[in-house]
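K.L.:
Top line first, the protein sequences correspond to chains L and D.
Using the numbering used here, read the first sequence as starting at 1 and increasing by one per residue.
Using the numbering used here, read the second sequence as starting at 1 and increasing by one per residue.
Hints are not guaranteed to be accurate.
Said to hold, decoys possible - Below are the DMTMM-like pairs computed for lysine to aspartate or glutamate, each with C-alpha atoms no more than 25 angstroms apart in a straight line:
1. L:8 with D:100
2. D:176 with D:118
3. D:110 with L:14
4. D:3 with D:88
5. L:8 with D:195
6. L:12 with D:88
7. D:181 with D:64
8. D:168 with D:229
9. L:12 with D:67
10. L:8 with D:88
11. L:12 with D:195
12. D:168 with D:123
13. D:135 with L:78
14. D:3 with D:229
15. L:8 with D:150
16. D:168 with D:131
17. D:14 with D:28
Quick caveat, the hints were computed from the structure, so don't treat them as lab data.
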Amino acid sequence: MNSWANIKAIVKRELGGYFTSPIAYIFLVIFLLLTGFFTFTVGSFFERGEASLVSFFTWHPWLYLFLVPAVGMRLWSEERRLGTIELLLTMPVTTWEAIVGKFLASWLFLAIALALTFPVVVTVNWLGSPDNGVIFAGYLGSLFLAGSYLAVSCMTSAMTRNQVISFIVSVLICLFLILAGYEPVTGLLSRVASPRVVEVIAAFSVMTHFEGFQRGVLDTRDVVFFASAIGFALFATGVIIRNHRAG
Amino acid sequence: MIKVENLVKAFGPKLAVNDVSFTVERGEVLGFLGPNGAGKSTTMRMITGFIPPTSGRITVGGHDIVEDPLPAKRLFGYLPENAPGYADMTVHGFLNFAAELRGLQGSARKQAISRVVELCFLENVLYQTIDTLSKGYKHRTCLAQSLVHDPDFLIMDEPTDGLDPNQKHEVRNLLKHMGEKKAIIFSTHILEEVEAACTRVIIIDRGRIVANGTPQELKARSPEGRLEDVFRAITLPDTVKH
Ligand SMILES: Nc1ncnc2c1ncn2[C@@H]1O[C@H](COP(=O)(O)OP(=O)(O)OP(=O)(O)O)[C@@H](O)[C@H]1O
Ligand SMILES: [Mg+2]
C-alpha cells in the first residue's frame, strides 16, 4: 500500500539523479566498452569457435568489482554528506523503505546497463545457434551478482560520508567474495587446509554460485545464496544507519 | 500538541540534552533560544524522530515518535539545521519529491507546490538545481519543503538563518501568521525574532531549560526590559566557565 508508494517515489528520485548527471552516461559507455573488450579480445570470443557467451559472462565478477561499487558508493554517503538523510528519515517513510528504494533504483540502473549489452546476444545468434536458455540464465546470474555487490556497496556507503572510503571498502569486500571461490585461490588454500574447509569458504563466494548460472543451470541454492546475500547486506545497512542515528 | 517529557540525550559521557520537558499547543509559537551547543538542534532531532532519545518521551499529536513514528511524522513539517537539499535536483523536483512522500497526488500536489513556491518566493529559481542556489534560496527551498503538506506542527531549526532582511521579515510574519492555527517550535539566535514572532520562549543552556515564559515575562526580569540582558545573565556565566 503506502510502503510501495514511498519506495516508488524514492526509486524515481534516485534514478532521476543518475540520468540528470553525465556520470550515468559515462558509466554506461565505460561498461559497454569494457564488456566488449573483455568478451572479444581477452575472452577470445571468435577464436573459441562456439556459439555461446561464456567469454562474455566469465568476466562479469571482475568487471562488476569496480563498476558496481562506483554506482553504489554514493547511495547513503551522499545523504550523510549533504545532511538530506535527516530530511528523508523524518518524512513519513520507514528506514527499510528508504533502503529498499535506493537499492532498487541502482539495481534497475545496472539492469539497464546489462540490457544494453544485447548486441552480443544478437551477434552470437547471427553467427551460430546458441542455447538461448543458457544465455538467459547467464543474464539472470549476472543480475544477481550485480545485486549482491550493490547491496554490499549500499552497506559500506552507510558507514561513511566519504564516497571514496565507501568505494574502497566495498571493492575489498567484493574482492573477498570473488577470491574465496576463485580457482587459483582455492587451489592454494587446499594445500594448507582440508578440502572440507576450502569447500565451506568457497560456499561464501559469488564465483561458486555464479558458475551454475553460466552453465545454464538454475539451482535454487544459488538463487537463495544471492537473495540472502542481498538481504543480509541490506539488513546490515539498516543496522548501520540506526547506529549512526543513535550517535 | 507536541509534548516532551524528561528528555535526555547522551553522546558518550556527555549530556547534550538533560531532562527537558515542555509542551506546545496549537496557536503557540515557541522560540527556542540558547548558546551554541546548548542542545537545541539535538532536541529537535529527537522530536522529529531522527535520533532516538536516551530516555524520556515525546508525543506529537498524541503519537509517540519512537513507538509509533509514521502517524507522528505525517503531522509535522521539519526544517533541519543548515537546510539540506539534494544537490542534483531542481527546486521543483525537490518539492515534488517531498510532496510525493507526504502522500500528495495529482492536482492536490500541483496546488500544494505552487502554494509553497509563492509563500517562499521561489518562482525565479524553480528549475535551477539546488547546488547552484544561493544560501538564502537554498534555505527557502527547504522551508518550502516543510510546508508543502500544510502540517499541523512545524519544527524549524533556525528558519531565518542566511536570509536577507526582507526575507527574515517575511518568514517572521509567516511564522506568526501560521502560529495562529498550528503549533510551531523554532530555534534562533536573533532575539528580536523572538519578540516579533513568539508567544513563548524557552532558553536552554548546556542541555537544560533555564527559562520558560512569554517574551514579556522574560523581559520583565531585566531592569531595562531587554531580552538580550536576560539571555546573557542566564547563560553567560556558564559559557565563560567552559
Ligand atoms: N552526533 C553527535 N555526537 C556527539 N556529540 C554531539 C552530536 N550531535 C551533537 N553533539 C553535541 O551535543 C551538543 C548540543 O549540540 P546541538 O547541535 O544540539 O547544539 P545547538 O543548541 O543546536 O547549537 P547551535 O546554536 O550551534 O546550533 C554539542 O555539544 C554537540 O557537540
Ligand atoms: Mg543547532
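K.L.:
Now tell me if each hint is right for this structure.
P.N.:
Hint check results:
no., hint, result
1, L:8 with D:100, "holds, 10 angstroms"
2, D:176 with D:118, "holds, 17 angstroms"
3, D:110 with L:14, "holds, 21 angstroms"
4, D:3 with D:88, "violated, 37 angstroms"
5, L:8 with D:195, "violated, 44 angstroms"
6, L:12 with D:88, "holds, 14 angstroms"
7, D:181 with D:64, "holds, 22 angstroms"
8, D:168 with D:229, "holds, 23 angstroms"
9, L:12 with D:67, "violated, 29 angstroms"
10, L:8 with D:88, "holds, 19 angstroms"
11, L:12 with D:195, "violated, 43 angstroms"
12, D:168 with D:123, "holds, 18 angstroms"
13, D:135 with L:78, "holds, 19 angstroms"
14, D:3 with D:229, "violated, 29 angstroms"
15, L:8 with D:150, "holds, 23 angstroms"
16, D:168 with D:131, "holds, 22 angstroms"
17, D:14 with D:28, "violated, 31 angstroms"
In summary, the numbered hints that this structure violates are 4, 5, 9, 11, 14, 17.
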